[in-house]
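Colleague: Given only the sequences and the hints, what does the whole structure look like? Please build it.
Note that the protein sequences, when read in sequence, are chains Z and W.
Counting from 410, one number per residue, gives the positions in the first sequence under this note's numbering.
Counting from 410, one number per residue, gives the positions in the second sequence under this note's numbering.
Source of the hints: derived by calculation from the structure; they are not laboratory data.
Don't be surprised by glycine CBs; every beta carbon is placed ideally from N, CA and C.
Any given hint might turn out to be false.
Chain Z is nowhere near these chain W residues, computed Cβ spacing over 10 angstroms in every case [as the list claims (entries may be wrong)]:
#, residue
1, Gly422
2, Ile423
3, Leu424
4, Pro426
5, Lys429
6, Lys462
7, Asn463
8, Lys466
9, Asn479
10, Pro480
11, Val481
12, Glu488
13, Ile489
14, Val490
15, Glu491
16, Gly492
Chain Z stretches covered by chain W per the calculated footprint, using a threshold of three residues with CB under 8 angstroms from any CB of chain W [unchecked claim]:
#, stretch
17, 458 to 472
18, 475 to 489
There are 2 protein chains.
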Amino acid sequence: MVKARIIVRYKPGILDPEGKTIYDALRSLGFEKVEGVETGKYFEITFAGDVDKNKAKELTTDACERLLANPVIQNYSFEIVEGDR
Amino acid sequence: MVKARIIVRYKPGILDPEGKTIYDALRSLGFEKVEGVETGKYFEITFAGDVDKNKAKELTTDACERLLANPVIQNYSFEIVEGDR
Chain Z
410 MVKARIIVRY KPGILDPEGK TIYDALRSLG FEKVEGVETG KYFEITFAGD
460 VDKNKAKELT TDACERLLAN PVIQNYSFEI VEGDR
Chain W
410 MVKARIIVRY KPGILDPEGK TIYDALRSLG FEKVEGVETG KYFEITFAGD
460 VDKNKAKELT TDACERLLAN PVIQNYSFEI VEGDR
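Modeller: And the structure:
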């Protein structure tokens, strides 16, 4: 069984208010060695048993382009892995 | 410069309505080889220049336990990497 592990994050320069809020929270908790926080979304897609790694790569790219990422403000990256979580 | 790349996701058995919605959307877009979708959050923390990998690991664990993950319903995993994005 093949899975895609996908990270969708903001492009450089795009405002990330959640990251800023977490940064402020960490600093106020005493994490003074933290210099920045960026946030993103994680998706894990499980494919049917007859999908090989190449096909999974193609399907994942398509899913990112069409649904998971907003290409105007977000980048995506992924890896295709075998087996369970 | 050391960074932590963190993934926070639901524990097995915890309902993931966003994952279900994305699964339904992918199927209706024609991705019939998709068998499941799980979602999570991605965080990237940048540490100050004098933080080494061991210290970063310790700080990241602490940040996950105290702020980034809800230990009742979520698991976290992370890797510590050198350099920029």
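Colleague: Run every hint past the structure and note whether it holds.
Modeller: Taking the hints in turn, this is what the structure says about them:
1. Gly422: holds, 12 angstroms
2. Ile423: holds, 13 angstroms
3. Leu424: Correct as stated: the minimum Cβ-Cβ distance to chain Z is 16 angstroms, above 10 angstroms.
4. Pro426: Proline 426 of chain W clear of chain Z: closest Cβ-Cβ about 14 angstroms, beyond 10 angstroms.
5. Lys429: At about 12 angstroms from chain Z, lysine 429 of chain W clears the 10 angstroms cut-off, so the statement holds.
6. Lys462: Its Cβ never comes within 10 angstroms of chain Z, the nearest being 13 angstroms, so this holds.
7. Asn463: holds, 13 angstroms
8. Lys466: holds, 12 angstroms
9. Asn479: holds, 14 angstroms
10. Pro480: holds, 16 angstroms
11. Val481: holds, 19 angstroms
12. Glu488: Non-interface label on glutamate 488 of chain W holds, nearest chain Z Cβ at 12 angstroms vs cutoff 10 angstroms.
13. Ile489: Non-interface label on isoleucine 489 of chain W holds, nearest chain Z Cβ at 13 angstroms vs cutoff 10 angstroms.
14. Val490: holds, 13 angstroms
15. Glu491: Given a closest Cβ separation of 15 angstroms, the condition holds.
16. Gly492: holds, 14 angstroms
17. 458 to 472: Holds, because 6 residues of the stretch 458 to 472 of chain Z bring their Cβ atoms closer than 8 angstroms to Cβ atoms of chain W.
18. 475 to 489: holds (count 3)
Of the numbered hints given earlier, the model fails none.
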